[in-house]
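One-letter residues, chain by chain:
2 protein chains.
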Amino acid sequence: MENTYEGYKNHLQKIAHINSSIALLNWDEAVYMPKNGLEIRACQLSTLCTIVHELSTSPEFENLVNHLLEKSSFGFKETRNLEETREAIQENKKLPLEYVQKAAIARSESFKKWEEARGEENFQIFAPYLKNIVDLEREKSELLGYEEHPYDALLNLYEKNLTVSKLENIFSQVKSQIVPLIKQIVHQPQVDDGFLYQNFDGDKQFDFSVDLLKLMKYNLDAGRQDISTHPFTNHISSQDVRVTTRIKENDIAEVIWSTIHEGGHGLYEQGISISEYGLPSGESVSLGIHESQSRIWENNLGRALPWWKFLYPKLQEAFPEQFAEVDLSDFYKAINKVQPSLIRTSADELTYHVHVMIRYEIEKALLEGEVGVEDLEELWNQKYMDYLGVRPGKPTEGILQDIHWSHGSLGYFPTYSLGSFYAAQFYAQAKKELPDLESQLELGEVSNFLALLRKSIHQHGKLYTAEQLSERFTGESLNIKHFVAYAKEKYGAIYGFSPD
Amino acid sequence: MENTYEGYKNHLQKIAHINSSIALLNWDEAVYMPKNGLEIRACQLSTLCTIVHELSTSPEFENLVNHLLEKSSFGFKETRNLEETREAIQENKKLPLEYVQKAAIARSESFKKWEEARGEENFQIFAPYLKNIVDLEREKSELLGYEEHPYDALLNLYEKNLTVSKLENIFSQVKSQIVPLIKQIVHQPQVDDGFLYQNFDGDKQFDFSVDLLKLMKYNLDAGRQDISTHPFTNHISSQDVRVTTRIKENDIAEVIWSTIHEGGHGLYEQGISISEYGLPSGESVSLGIHESQSRIWENNLGRALPWWKFLYPKLQEAFPEQFAEVDLSDFYKAINKVQPSLIRTSADELTYHVHVMIRYEIEKALLEGEVGVEDLEELWNQKYMDYLGVRPGKPTEGILQDIHWSHGSLGYFPTYSLGSFYAAQFYAQAKKELPDLESQLELGEVSNFLALLRKSIHQHGKLYTAEQLSERFTGESLNIKHFVAYAKEKYGAIYGFSPD
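These protein sequences, in sequence, are chains A and B.
Read in our numbering, the first sequence has 961 at position 177, and its numbers run on one by one without any break.
Read in our numbering, the second sequence has 943 at position 159, and its numbers run on one by one without any break.
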């Protein structure tokens, strides 16, 4: 290892080459791997992850980073990269390899049992494995350390500096502003969205999804679209960013908004300069900011009128039988139907945050030891009744619906809501900076909007924290009031009432 | 590293996990990678190859293998595995990492210039880079060492124990038996194969190719079929073996025989037990034997009458417009048309070996220093005139047609001919062991044939050498007389004459 910034960069890029190989292994597993390939795939991933862990925490590398930070004077970017790396090394070292491997085995077992429990509609099959996961997550939070709340250590893995105290502030407003708004909507006459659930040819859906990506200025020389069970974005480098979509023959909403959503994630990754590959300046800053980039396309553009004035004729052309007789205004209402329901991933953009809040409250209580795994099913069902007025008829409609806990990802859910709230804040700012944004969208013109996101968010990688990015772009850190204002204005108009 | 056979196996499997990740990177590059992904892909491959080289030659690992061989008494399989590994370590150590990396850069540059030279139809653009490749290959042969001929060291990389002296014997028979047979055929009335070059729908071709794989008993739960520029077989493990095909809208031969050929390669890999993964007993023995498994399906089954009695009605059903009026006997003659031509990859099964022989003679002369790169184009053209009576009109029809030299693969071509000659020998033996083989094929029944290949070849991995496998299966080592007899009988009948 050369004792210079170049040597530091080379080592990071070596790690990145292995990490990006891991990314390809994961992508392939989800889209094309033959089913018998699973066993060896798990071993490949484990081997490469172990090598990454060793390289990322090697004493020689740590010494180099410390040496460079102490002895040399660098510009802003180099210093921030070195600081970020030093912090990452220290974080990585807190989790010994034995813990990482023990947790990987537990996740793998737990995932299998989650699937089995789903098949049997029996939470008790999964419960002991979830208990093990929760114990391991608690151990992890102790290994990582925290100041106020054990949950903070886990939140910090997905969104640096996020704390229970910040989330309490955010979700208290979900409770006081969004939940009442939903209750008001429920009392209005409901909109008709039946025409979204006709029969749509799968190949035509896929072609339309690729057209959508092109209209978003997604670079298909540096990316691709495939089909998978769960839509996702995978990046090998900013020059090879892959998105997937899900096609349901009798539901056109699935392909459209999963494509726009993943396309938004993908545009973030494509917006990072390849020259920063492997460095913190070449990595997305946090899950919350990542989700803001998918949500701003999916909701603020993708469920609003201006862009659909341009897109809707194209959809009608692709599916004339299904849409020739449907007005744009009816289509717009249909794609914004709000209805309390049981499944998070298919929830509308208002009730969605109640789903997240319920998970947040449960995770926090688990970490605090206030509830045990054995109480979770009833607790879950009760919260759905309290907040949304619905009650799961079976575990796959309730406690067993999400994969996250089986993967040991506690602290992940809140970033979904953060993303939407950031998106509303960023979109409000975009309208200020691009006063003709909505008339551009009516012409299908997204270049200026994308350029603004590139300039304000994408290009910086991890050089600024999420909070700093937000402050530099919008003048303030995350503020849910933008989402609340957006929601009240939009849904008041759609459902024809004045929100409280 | 644990000081036991288990520790040895774990280390080999760790290497295999990285090698199989490399296999996936290569597969993806050829089938699905977006075009901008190339630069990072090269770096990923280089990083993983370096790690493999370090792990494969680590002194600790070498000591373990030597220790186990000296101190412990193992059964046949374990001893053979350890011996093979010891030999591989010694071979790998002969090429220092600096040489490996220097050669990788030269190959990469040379490949680019080969492509450029092809675009310009100008061998001189490629010549200096080829000279560099030849120098590096000569350096490699000195580093590896040899007893009689520098070419032997390179041959040995693809086919262990293969030597110039053995090849002289083989190709002298190509010259004395096959070349005259071709000349006799050329003087007979030619067969009509025009109906193979009608227009065939691409999707239907692909569907037919998947049906072919299923008829071959290819396991699609442990493999898949995709489309690529050049057909190939890629194996991650015996549980994940992927083949590709090439589709030409106006040539049905392409998809059929590339599928059967790669399917034959794939069946070999699927026939190795997953319990041997990573060990020599879990690796195919040599390129020649590998090619025998593709060729036996492609030619001995796939261009013969019995199996087509079963397959042809299916082809007619898939493409009724094109084949309803064509007799099986005309079809059979068409797919066996012999015609001297310029391009190796599209040559028939007789002239093919003249193409290989020309390359063999040139490579040997290059290694001996008897000819220089500057003389190659004319030498090439002259040999085509002498042996086949045809002369390239431009370099892409001649000296620039094959990718191999730009990749630094000298010594590779002869294994193609070896494969066909082994295939004829193995097929003759199969007919002895399965007297009703051809009537089974007429019913589409290939299970017993496949089981015989599994038992005689596939399951052994590297436990026996290619020569030993041949001796155990057929009672003798490679003997080209089986191919000569097969060729004379088959083509005498098709073209209606008695071969000399």
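These are calculated hints, taken from the structure and not from any lab test.
The model shown is predicted, which means the values in this text are computed figures rather than measured ones.
Some hints here could point you the wrong way.
Which copy? The list can't say, so a pair holds if one copy fits it or any two copies do.
[Claimed, not checked] List of simulated lysine-lysine pairs, DSS-like, C-alpha gap at most 25 Å:
hint, residue 1, residue 2
1, K877, K798
2, K1265, K1001
3, K1001, K988
4, K793, K886
5, K896, K988
6, K998, K1167
7, K819, K798
8, K944, K967
9, K1117, K988
10, K998, K819
11, K959, K915
12, K1001, K819
13, K896, K1239
14, K967, K1098
15, K1215, K967
16, K988, K1093
17, K915, K998
18, K1093, K897
Evaluation of the provided hints:
no.	hint	verdict
1	K877 - K798	both (19 Å within a copy, 23 Å between copies)
2	K1265 - K1001	neither (30 Å within a copy, 62 Å between copies)
3	K1001 - K988	within (20 Å within a copy, 33 Å between copies)
4	K793 - K886	between (31 Å within a copy, 22 Å between copies)
5	K896 - K988	neither (35 Å within a copy, 38 Å between copies)
6	K998 - K1167	neither (41 Å within a copy, 52 Å between copies)
7	K819 - K798	between (30 Å within a copy, 22 Å between copies)
8	K944 - K967	neither (34 Å within a copy, 77 Å between copies)
9	K1117 - K988	within (24 Å within a copy, 42 Å between copies)
10	K998 - K819	between (32 Å within a copy, 16 Å between copies)
11	K959 - K915	neither (29 Å within a copy, 74 Å between copies)
12	K1001 - K819	between (34 Å within a copy, 17 Å between copies)
13	K896 - K1239	neither (43 Å within a copy, 36 Å between copies)
14	K967 - K1098	neither (35 Å within a copy, 63 Å between copies)
15	K1215 - K967	neither (29 Å within a copy, 79 Å between copies)
16	K988 - K1093	within (21 Å within a copy, 39 Å between copies)
17	K915 - K998	neither (45 Å within a copy, 45 Å between copies)
18	K1093 - K897	neither (47 Å within a copy, 50 Å between copies)
When the structure is compared with the earlier hints, violations turn up for hints 2, 5, 6, 8, 11, 13, 14, 15, 17, 18 and for no others.
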